[in-house]
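If you want the building blocks of each chain, they are given just below.
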Amino acid sequence: MNKEIKREELLISQLADLLVHDKHVAVGAASPIPGAAALLAKEEAKAKNRRLRVTILHSNKYNNFTDGARELFDCAAQGRIDTFFLGGVQIDAQANINLVGTGEYPKVIKRFPGSFGSALMYFVVPQIILFREEHSPRTLVNKVDFISAPGVSDEKIYRPGGPKYLLTNRALFKFNKDLKKFSLLKLNQNETTEGIEKLTGFKFDVNKRVSVMSDPDISRLKILRNKIAPMVSEFYPEFADRIWGI
Amino acid sequence: MNKEIKREELLISQLADLLVHDKHVAVGAASPIPGAAALLAKEEAKAKNRRLRVTILHSNKYNNFTDGARELFDCAAQGRIDTFFLGGVQIDAQANINLVGTGEYPKVIKRFPGSFGSALMYFVVPQIILFREEHSPRTLVNKVDFISAPGVSDEKIYRPGGPKYLLTNRALFKFNKDLKKFSLLKLNQNETTEGIEKLTGFKFDVNKRVSVMSDPDISRLKILRNKIAPMVSEFYPEFADRIWGI
Amino acid sequence: MNSFDQLSLKELVNEVSNGSLLGIPADYSGVPMHFTKALIKKGVKNLRLYCLPLTTIQGDMLIGSGCVSEIEAAAVTLGEFGLAPQFSHAIEHNDLVIKDSTCPALHAQLQATEKSVPFMPLRGVIGSDIQKYRKDWQIIKNPMNSSGVKDEPILLLPAVQLDVFVFHAACADRNGNIQIGRRRELATLAHASKKVFVTVEKILNDDFFENELTAATCLPALYIDGISVIKNGAWPCALPGVYPADNKEIKKYSIAAKTKQGFDEYMKYSLS
Amino acid sequence: MNSFDQLSLKELVNEVSNGSLLGIPADYSGVPMHFTKALIKKGVKNLRLYCLPLTTIQGDMLIGSGCVSEIEAAAVTLGEFGLAPQFSHAIEHNDLVIKDSTCPALHAQLQATEKSVPFMPLRGVIGSDIQKYRKDWQIIKNPMNSSGVKDEPILLLPAVQLDVFVFHAACADRNGNIQIGRRRELATLAHASKKVFVTVEKILNDDFFENELTAATCLPALYIDGISVIKNGAWPCALPGVYPADNKEIKKYSIAAKTKQGFDEYMKYSLS
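Residue numbers (this note's numbering), protein chains in the order written: chain A, 1 to 246; chain B, 1001 to 1246; chain C, 2001 to 2272; chain D, 3001 to 3272.
It should be emphasised that the hints constitute simulated quantities derived from the structure, not laboratory data.
Backbone N, C-alpha and C define an ideal beta-carbon position, used for all residues, glycine too.
Incorrect hints may appear among the rest.
[Unchecked claim] Not everything, but these chain C residues come out facing chain B in the computed CB check (under 10 angstroms): (1) 2028; (2) 2075; (3) 2149.
The shape of chain A in the complex, shown without the other chains (with noise of 0.2 angstroms):
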């Protein structure tokens, strides 16, 4: 076995730990690295006799919804999805998230897709992991043009969800909701903590045991590549082809 990690396997890693707790992990639309996280979480899960369940929406196969497009939303509303991952074109110090376009709305610069179901998922599922790869001043800002669903609310409005990490190319963040704050946890191979802070568009703690991220160990890497992948080109073919030629 190449036992050189690709990128995407580290990052795919690095997400499969954070869902260590899970029972109910969903993931939405174009997350092929956050996918394969949830099929590797749950099939180590299996391993230590825990029931982990995946629901992946962009395939028929990992789907386990039967009431049309509505329900991850309900499904989610209801408390019964542990783990969900948001993206953003722009995301800011406060983990607002912006998914609709850069410029001064309604009249943009450039237009993006729309927030698809930000709004809801970033209020109820109590663990959203913000997954961005691209980690540059342009996408972590000081603050987003616009909001598609905010980082924090006041205590008024019901919300037993948010935000609870952030993971680049770069570098893992964990969301302080008190302080509102991001806090820098762990650096990819040859970053550095001065180096985050010049990429990144806002101010974020540093936490006292910064960390490397650590690279698949053995066994970890032999599942990914033997069992999840091969899952992974049911539904997304193109994502499996470029990293395990498959």
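Using the hints provided, position chains B, C and D relative to the given structure of chain A.
Then chains B, C and D, alone, in the frame of chain A:
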């Protein structure tokens, strides 16, 4: 063919006459006579190249719904059901119906099953036909002991539907929404207006041209006995056996 | 590990505690009669029944056996076999609290929980005595400027979350997905319940999700907390599409249950 | 008489007038692409698109062809082939009004119409710019004493009724019932639309209601105003469970549509 017409056949025929303009008739639980009437009207419409849909909830075959038990109510609220049938332990002068019990609620003297969906259906289905075989001062009362669903509503209330007719063993009434009053329209053979007045616990108007209920003609009788009776036996076997011996 | 929890009847019955708000399926949705009798045998008390939207012999038996303190329903009836005698008797003698409702309201209250919103609006019903006696219901003037008639009175119904819901179904697949066909009110009940248990005729070595059409017939395993295999588990009620009701038995019950003594004798024979 | 109305493509296209509020299915629910091209060819104008909850090539083509004045959606995207270029261009140049929404709100607004209530409550969303810019949405304090937190801000969404909804499905039975499998959002769209038309791959000489399991997979004929048989009617989009998307063609479109000239050339070839 035995030309003697059974009481039930006459009532079925009377009801079928009221369905000739409908596109969709729905029939609730425990309603063999309305069910047979709807299927008869459908068969006659077909012969005239007109399409009438019939939904019989108590049947698997003639139940067109696939969205669970709520679909009847949603469908009715959407205005997609033209006629529905309701009964009543008591029916009063203003077409209020009582399906709950006699005596002063909640300490009732005699408890009946309950209101079912009447409290919505009565508001949204344009033609509600009240059907109660027993015609007596105990069923047709001046004021019901419990209003499962009111016959009339304030004009502020959303109410595209409501009572149009009341059919009993003995008579057919039309309900006048503006006057909030029933008007006697047809008598069964051997009944007189005076007799009906005595047997009815509320005051009603008498139509200028009260007529006698006409028997179903031979062609209708043939359809009813040859085509409709076997259909009815699928979902009301005891009724079909009792009336038609099948 | 097994992809779902298979329970014995005893384990299943133990999941329903005294005082629970228990979801009750209509006679057309798969009535868990075998489970119900075991529950009666155990001597559960003070159940609150939430019927979607009605109950027949299941509710009447539970009431007659003294297991129920409150019932919310649009109807309690033995259908063509007449009134539900133990229910009527309990109401007439003030032994049972009833929250009289109407079918669409019972659906809407669970749909509110399905969506995790505190209430659902409903049209109709206003001016009925059902509405008059429901202190947990409220009427507001339509607050929307962009829809409906300004100031139109609108009924609001509270979200209701069930503690436990138990129903009977034809089969589960090897992953614990339950075949419910078009009885989609079972999905609403499951979505709105903290715990959901199912008794099934059998467990198939299939995967309903392998095919879009069989997937469409099932309630996903993620809503199910345990499954027990109980052959003829709906008897004497029907299991739609699988077996019809045993009308002779229901008639027998309907006659016996008209008196206290007859009911007691019927239950003694029935639970033995 | 025939138990349903079978329409030609021309008759079907004529059912959509200028200015209609048209229901648009997501890429996973059966996109009526053949119909859409015919609609573009006819030169329909000022359509308002209501997407449940998103649109891909269907919406982008209609927008690029100048058929659309307004769109309500949670997303317009070509998925793995990137942004929807004609949509983005139209928005960036102020040629199109967008009512930005979020998936559950788009579902709830149709569910309000499904139940004929003027509004539906929804949690979440408050504090987003989506909510800020939606003048047809309102926030009230939770009025219920019996449920939820007193005075909690709750978002109310208006009922939306579509004028026309058109989708593509695998098949109809001989009575005009449409097989939709578990794509139940199609039922919501149909319930909330004044008129519903379907293009299908084929009409089967079956009765889906003869069997409880096939019944569970279908949208009843009573909601359908007309059916056209169009082989490969979703191409190049997928018809779930029947054929996959033609990704080569969508990629070709995604590249061509990046410029006005490329889009025009693509459409010329595509409509010919």
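A quick look at each hint next to the structure:
no. : hint : in the structure
1   : 2028 : holds, 8 angstroms
2   : 2075 : holds, 4 angstroms
3   : 2149 : holds, 7 angstroms
In summary, the structure agrees with every hint in the numbered list given earlier.
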